[in-house]
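Colleague: Sequence:
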Amino acid sequence: MHYYFAPLEGLTDSIYRRLHHRFFPGVDRYYTPFLSPTVHRALTNREMRELSVADLPDFTVIPQVLTKNPEDFLWLAGVCRDLGYPEVNLNIGCPSGTVTAKGKGAGMLRDLDQLDRFLDCIFSATPLPVSVKTRIGFEDPAEFAGILDIYNRYPIRELTIHPRVRKVFYSGPVEMDCFRYATQHSNAPLCYNGSLCTLPQLQAFSAEFPQIDAVMIGRGLIADPGMLTPGGTTVKALEEFHDALLAEYINAFGGSRNAMFRMKENWRHWLCKFQNSEKLGKALRKATDVDTYKAVTCEIFHSLPLLTDLCPDWD
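Going by the numbering used here, the sequence shown opens with residue 784, and the numbers climb by one from there.
Be a bit skeptical, because a hint or two may be false.
In silico SDA-like links for lysine to any residue, alpha-carbon gap of 20 Å or less [stated by the list, open to error]:
no.	residue 1	residue 2
1	LYS851	TYR937
2	LYS1077	ASP1092
3	LYS1019	ALA1078
4	LYS887	THR843
5	LYS950	GLY886
6	LYS1077	ALA997
7	LYS851	THR909
8	LYS1047	GLY1037
9	LYS885	ASN852
10	LYS1077	PRO1088
11	LYS851	ILE933
12	LYS1077	ALA1030
13	LYS851	LEU911
14	LYS851	ALA825
15	LYS1047	GLY1014
16	LYS1019	ALA1030
17	LYS1065	ASN1041
Read the hints as simulated data drawn from the structure, not as lab findings.
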């Protein structure tokens, strides 16, 4: 099985990916939070950091692109090629209202004729292989057969399917019947994404779909970063990872306050791994200076037992 780390905006930036790979090996591919090119044909400072070539010798990173304009996609794909990336990923799955209102992400699934024209344009001129991440529809899972028919017209390197429609975002059950349909009718190799948060869930998926050799994991790997590492997530490794992240964010952000708030986003997931974390979790959320923050996190690491099983509470 190949394991991919899904992109999460505000979490899995270039600093996070590099340090996660150092402390918790086991991920085969990392995907960047989406890059959204514009007609100005210039990368922002954030995008330049995300596309750093420094990552490439040590582990595989795939840039993810969010756009409805084929010319913008092709320009950024050319930039990625010139930087040495092996592939570019097209985001047709983001359910955010601000994204879909512009016809991007899962919003592209509302007009399948336009989606077909977009794919025809990019696949006729792309300088890199293109993989696609998609949802199964905008409103109704019944849309998926028509969507897959369109994907089957193009040489998609790999099709990652999150089997939920846009309107449910990340809540509710996944539509596994749609994924089963894809295993029987997709021309592209498949990768599964959606509600795989623990090793038992990964094992159950592999038993049910032995023909699928790639899965993409998001929040489960944030909460349990050593899930795929021999020995799992240990308190020692998690504390070292935390300290390295905090130090690099302080340096990158030019101060401790913004770095602390970035780290709190990680703690929203990490607290699921600690037993009886409610009291210290509340103190952590209320911390407004980095010294208080460090004191609370130290107490968490050194006083709370680490749970074997992940108990997510983010839905």
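Colleague: The structure should be examined with respect to each hint, and the outcome stated for every one.
Modeller: So, going through the hints one by one against the coordinates:
1. About 17 Å separates the Cα atoms of LYS851 and TYR937, which keeps this hinted pair within 20 Å; it holds.
2. Restraint check for LYS1077 and ASP1092: not satisfied, since their Cα atoms lie roughly 26 Å apart, outside the 20 Å limit.
3. Under the criterion of a C-alpha separation no larger than 20 Å, the hint pairing LYS1019 with ALA1078 is consistent with the structure, at around 16 Å.
4. With a CA separation close to 26 Å, the supplied pair LYS887 and THR843 exceeds the 20 Å bound.
5. As the CA atoms of LYS950 and GLY886 are separated by approximately 14 Å, the hinted pair is consistent with the 20 Å bound.
6. Distance check on the hinted pair: LYS1077 and ALA997 sit about 38 Å apart at the alpha-carbon level, beyond 20 Å; violated.
7. Taken as a hint, the LYS851 and THR909 pair is honoured in the structure, with Cα atoms around 15 Å apart against an allowance of 20 Å.
8. With a CA separation close to 17 Å, the supplied pair LYS1047 and GLY1037 stays within the 20 Å bound.
9. Distance hint between LYS885 and ASN852 is fulfilled; the C-alpha atoms sit about 11 Å from each other, no more than 20 Å.
10. With a CA separation close to 18 Å, the supplied pair LYS1077 and PRO1088 stays within the 20 Å bound.
11. With a C-alpha separation of about 16 Å, the suggested pairing of LYS851 with ILE933 holds against the 20 Å cut-off.
12. Restraint check for LYS1077 and ALA1030: the C-alpha separation of about 12 Å stays at or below 20 Å, so the hint holds.
13. For the suggested pair LYS851 and LEU911, the alpha carbons sit about 18 Å apart, so the restraint of at most 20 Å is met.
14. In summary, the hint linking LYS851 to ALA825 is supported, as the alpha carbons are separated by about 17 Å, within the 20 Å threshold.
15. Pair hint LYS1047 plus GLY1014 does not hold up; C-alpha atoms about 25 Å apart against a cutoff of 20 Å.
16. Restraint check: the Cα-Cα separation between LYS1019 and ALA1030 comes to about 17 Å, which is no more than 20 Å; the hinted pair holds.
17. A distance of roughly 19 Å separates the Cα atoms of LYS1065 and ASN1041; the hinted pair therefore holds under the 20 Å criterion.
Of the numbered hints given earlier, the model fails hints 2, 4, 6 and 15; all others are met.
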